[in-house]
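Protein sequence lines, in the order shown, are assigned to chains A and B.
Here the first sequence stands for residues 113 to 600, where the numbers follow the numbering used here.
Here the second sequence stands for residues 277 to 471, where the numbers follow the numbering used here.
These are calculated hints, taken from the structure and not from any lab test.
Estimated spans, in silico, between C-beta atoms of each pair: (1) GLY384(B) x ASP397(A): 37 to 45 Å; (2) ARG319(B) x LEU360(A): 38 to 46 Å; (3) ARG458(B) x PRO529(A): 37 to 45 Å; (4) ALA296(B) x PRO529(A): 45 to 53 Å.
Taking lysine to any residue pairs in the SDA-like style, the calculated list, with each CA pair at most 20 Å apart, reads: (5) LYS577(A) x PRO427(B); (6) LYS577(A) x HIS420(B); (7) LYS577(A) x ASP429(B); (8) LYS577(A) x THR422(B); (9) LYS202(A) x ASN344(A); (10) LYS577(A) x ARG451(B); (11) LYS378(A) x LEU443(A); (12) LYS577(A) x GLU436(B); (13) LYS577(A) x ARG434(B); (14) LYS577(A) x TRP448(B); (15) LYS577(A) x PRO305(B); (16) LYS577(A) x ASP449(B); (17) LYS577(A) x THR428(B).
Since the model is a prediction, treat every value here as computed from it, not as a measurement.
Quick reminder that beta carbons are idealized off the backbone N, C-alpha and C, glycines included.
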Amino acid sequence: MPKRVVSLWFPRLASDRFLRARPIDAPFVLTQRQSNTERLYCLNPLATQQGLQRGMGYSDARAFCSDLQSHPADPVGDQRFLHVLARWAKRYCPWVGLEGANGLVLDITGAAHLFGGEANLLHDIHLRLARAGLLVKSGVADTRGAAWAFAHYGNGDATQAHPLDAIGRLPVAALRLEEKTCVGLQRLGVRFVSDLRALPRATITRRFGSAVLLRLDQAVGTQAESISPLPNPPRYQVRLSLPDPIGLEADVMAGTARLLDQLCGKLKGREMGARVLLLTLRRVDKANQEIELRLACAMRDPLRILPLFERGVGQIDAGFGIDQLHLAATLVEPLPVQQMSHAHGRVDGRLEDLITRIGNRIGLENVQRFLPADSHIPERSYIIAPAAYSDPAGSWVNFRERPIQLFPPEPIMGTGPSPPAFLRWRRMTFRVERATGPERIAPEWWLSDENWRSGVRDYWKVETKQGRRLWLFYTPQNPGWFVQGQFA
Amino acid sequence: MRLVDYAMPSDFPDHFPPRANRVHEACGPNAFGFAFALAGHLRGSVLWVREAWQADQINPAGVSPYIDPHSLLIAKGNDQTEVLATAEESLRSGVVALTVIELTKPIGLTAGRRLQLAAEAGQSTGLCIVPEGTGSNAVETRWHCTPVFDPTDSTLQRWELIKNKSGTLTAWDVRWNAEARRIIVVSEARERPVP
Numbered sequence: 113m114p115k116r117v118v119s120l121w122f123p124r125l126a127s128d129r130f131l132r133a134r135p136i137d138a139p140f141v142l143t144q145r146q147s148n149t150e151r152l153y154c155l156n157p158l159a160t161q162q163g164l165q166r167g168m169g170y171s172d173a174r175a176f177c178s179d180l181q182s183h184p185a186d187p188v189g190d191q192r193f194l195h196v197l198a199r200w201a202k203r204y205c206p207w208v209g210l211e212g213a214n215g216l217v218l219d220i221t222g223a224a225h226l227f228g229g230e231a232n233l234l235h236d237i238h239l240r241l242a243r244a245g246l247l248v249k250s251g252v253a254d255t256r257g258a259a260w261a262f263a264h265y266g267n268g269d270a271t272q273a274h275p276l277d278a279i280g281r282l283p284v285a286a287l288r289l290e291e292k293t294c295v296g297l298q299r300l301g302v303r304f305v306s307d308l309r310a311l312p313r314a315t316i317t318r319r320f321g322s323a324v325l326l327r328l329d330q331a332v333g334t335q336a337e338s339i340s341p342l343p344n345p346p347r348y349q350v351r352l353s354l355p356d357p358i359g360l361e362a363d364v365m366a367g368t369a370r371l372l373d374q375l376c377g378k379l380k381g382r383e384m385g386a387r388v389l390l391l392t393l394r395r396v397d398k399a400n401q402e403i404e405l406r407l408a409c410a411m412r413d414p415l416r417i418l419p420l421f422e423r424g425v426g427q428i429d430a431g432f433g434i435d436q437l438h439l440a441a442t443l444v445e446p447l448p449v450q451q452m453s454h455a456h457g458r459v460d461g462r463l464e465d466l467i468t469r470i471g472n473r474i475g476l477e478n479v480q481r482f483l484p485a486d487s488h489i490p491e492r493s494y495i496i497a498p499a500a501y502s503d504p505a506g507s508w509v510n511f512r513e514r515p516i517q518l519f520p521p522e523p524i525m526g527t528g529p530s531p532p533a534f535l536r537w538r539r540m541t542f543r544v545e546r547a548t549g550p551e552r553i554a555p556e557w558w559l560s561d562e563n564w565r566s567g568v569r570d571y572w573k574v575e576t577k578q579g580r581r582l583w584l585f586y587t588p589q590n591p592g593w594f595v596q597g598q599f600a
Numbered sequence: 277m278r279l280v281d282y283a284m285p286s287d288f289p290d291h292f293p294p295r296a297n298r299v300h301e302a303c304g305p306n307a308f309g310f311a312f313a314l315a316g317h318l319r320g321s322v323l324w325v326r327e328a329w330q331a332d333q334i335n336p337a338g339v340s341p342y343i344d345p346h347s348l349l350i351a352k353g354n355d356q357t358e359v360l361a362t363a364e365e366s367l368r369s370g371v372v373a374l375t376v377i378e379l380t381k382p383i384g385l386t387a388g389r390r391l392q393l394a395a396e397a398g399q400s401t402g403l404c405i406v407p408e409g410t411g412s413n414a415v416e417t418r419w420h421c422t423p424v425f426d427p428t429d430s431t432l433q434r435w436e437l438i439k440n441k442s443g444t445l446t447a448w449d450v451r452w453n454a455e456a457r458r459i460i461v462v463s464e465a466r467e468r469p470v471p
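All chains should be built: construct the whole structure from the sequences, respecting the hints.
The following block contains the structure:
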């Protein structure tokens, strides 16, 4: 069976992708910063009608076209979108590869008849992509090179009786040559592929190197060219179907243990660890029961993960029985194999397991730890971070004694810059015996903080006869006394 | 002069740290200070369980003389039921050296006993911080802690044992030695605060 290849070219992939999400009925361009100037990266048809073209300066383009809309380009996002399209194209054939930054190549050998022939297949591709708002040009031929040539330079009548004749009528640029080579060939009067084929091969190689003949041979099929399909993304999902429904908690746990063994084997093979696991239990009446387990650290040890499922499984209503278990790692993180050594101490992960267990009850973000921050402002000298997503890092530096408890500032009566002799706070009266201070802390002007609008603060540690040791501050720019903390 | 303080005969070492693998209670204005002193004494990680709505915060900079703030984890529950469930889970696992439970409402005998059983099962110590006047009958000991003014020292505090299941009730004047990270008992005869 002769090989058949479809080449798809998306001439406006980037702008089509953007306009799919946010349609704009005006000249629109995506701009990209190249060597210190904004240049047009991709245009929509209205912008092309205005005489703009790819690669021109953005400021020139705005001068030509006053109602031009623009947005910065995102080539990485475009590349991701192309991968999505490649995955979509697998509906036509299993052998799909990328062609440059804005094309796909499909090996449809033996697959076209499933769609009623090549013409119907191409029609289907065009129809679906047009509905998705993408401009596509396609070519189909026996070789990858010829398909590319028809997609880029053919004008729709690619399917002809003699493909070699058809390709002969295309310009030499259709052979995927460098622009410099194309210009050189045209200067010699070699405009079409048929002209090139008429020339003696030795002279072409002597003048332009072997690339030209290689491309020509690939296009006509005398030189093979492979299509490398994209790898399938790994799927961390396992399933267990049961001949008879089960309902006992121990049975479900035993099934889960089997699934976990398989899943953790998969994870281990790719050096990944699961962060979120989803166990779906299908009941005989087709009602799904789901247990989501959010782990405090990436894990792939079945013996450690299994006990964490106990609470969720215990809450499941089995109904008339469960006949299928499905376990998926919905969020995975790289978890490379680590060297174990005595220098790092005993890392047994029991604390992470505890955080997981607590986190599944009260929310993983509600288990928090303190991290030091670089600020003199007392309430900003630390960060509260979720313990599951942060590591204890940084050192705690204390220049002065600090209270163990901090409140939102509570106003008290008092006048003048020195602490009052008597103070009333939270309906208690205190006699001040000793006051240590002041320690002046200025607000961080580069951050706008509502609480520090009153200006600088003079902090005092006040020891009262009644025992309590309070942390007061006075705001000289906006006179007033406040209590903000309590010492041990 | 103060070096002799801890050499004085005192029954304090029999009572502090309070009995391991049990749940204890602390109340009074300086209950936080007691909790951190106990945590510093036990030398391990601490899980502090409290309700999310509470506006006052633990200041890690103030905690650093007692324990390394990195070893302190805070768990915030929506209500007291979640707090108790979290505390029970933590006590039962026995991973942290001390679980501090901040309670805002009195707990019943059942809840108190469950905590006690969890602490025994997990071989770890728990400390409930309760509002003054409330407390569970199931706890092992209850401590009332007040800071005391002293003209020469600013860490002096009074710890009163106001409930003890296995012993007498006593009171001590203690202070915290930040360099040694330990509690030092002030001798009764010489270091009473001047009235």
